[in-house]
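Turn these sequences into a full structure, and let the hints guide you.
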Amino acid sequence: MIRLAIVSASTSPNRTGSPIAAWVAERARHCRAFDVDEIDLQQVALPLFDEPFLPRYRRYMHPHTLRWSERVESQDAFVFVMPEYNRGYPALLKNALDFLVQEWAFKPAGIVSYGSGMTAGIRGAEALRGVLSALQMHPVRETVMVPCVEAHLHGGVFAPTPGMVEGAELMLESIVRADAAMNLLRTTTEEVGGQQGDDPELADRGEGGYSPRPARDEREAWRRSAMGPGGARG
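Residue numbers (full-length UniProt numbering): 1 to 234.
You may find that some hints are simply not true.
[Said to hold, decoys possible] Derived DEER-like restraints, expressed as beta-carbon distance ranges:
no. : residue 1 : residue 2 : range
1   : Ala-151   : Arg-123   : 17 to 27 Å
2   : Glu-150   : Pro-52    : 12 to 22 Å
3   : His-62    : Met-118   : 17 to 27 Å
4   : Ala-151   : Pro-52    : 45 to 55 Å
To be clear, the hints were calculated from the coordinates, so they are not data collected in a lab.
Virtual Cβ for every residue (Gly too), placed ideally from N, Cα, C.
See below:
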């Protein structure tokens, strides 16, 4: 199965993103392709970046970074649920992304953006796409946008429109398709990862490459099973 993390990227006490993230997680669980993990960056509680070495070397000195690295590394794909702040996205999310490099690479990502106005956070979503691409992730084209977010919340529960439901289904379907190609890239990197660098101790700790992944044939079988005659929609 594809290990999919739904990342909630707001720390506001009155945040409206939590019900949206819960809805996305529910939609993903209806699809047989995904094993869903919900990540609340507020609970992860990373400090501002405080590692002495560049993240690409994976020479982490702090327990919070090691925990974050392990959690991100264990995922195959991500959906970022984020508000727009001043035509950008939350500093909380940028900080969480900047802590790591290799752990993000060659993984598909979806974006669900929301805002109080009619633009639905689309400018923040576009700003995020550039950063995800710089981390060698693959942001899928399909994006779920939620305008006037307060109007879609009833008793703390998110009430999507039919268009939002369809957008989420298309986004998840694209993640399933992209994961097959991205897994090939991750597998190729694993094969050469242990040869990078001259320090065998670092190589043994996985700091030259990536942790083992399921065989490509096995993951392809999962993908085809999940897609089925009706696609990834559940």
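Kindly confirm whether 45 to 55 Å is satisfied by the beta carbon distance between Ala-151 and Pro-52.
Holds - the Cβ-Cβ distance for Ala-151 and Pro-52, about 47 Å, lies within 45 to 55 Å.
Range first: 17 to 27 Å. Now tell me if the beta carbons of Ala-151 and Arg-123 are that far apart.
Holds: the Cβ-Cβ distance is about 20 Å, inside 17 to 27 Å.
Taking 12 to 22 Å as the hint, is the beta-carbon distance of Glu-150 and Pro-52 inside that range?
violated, 43 Å
Falls inside 17 to 27 Å, the C-beta gap from His-62 to Met-118?
violated, 42 Å
The structure fails hints 2 and 3 (numbered hints given earlier, in ascending order).
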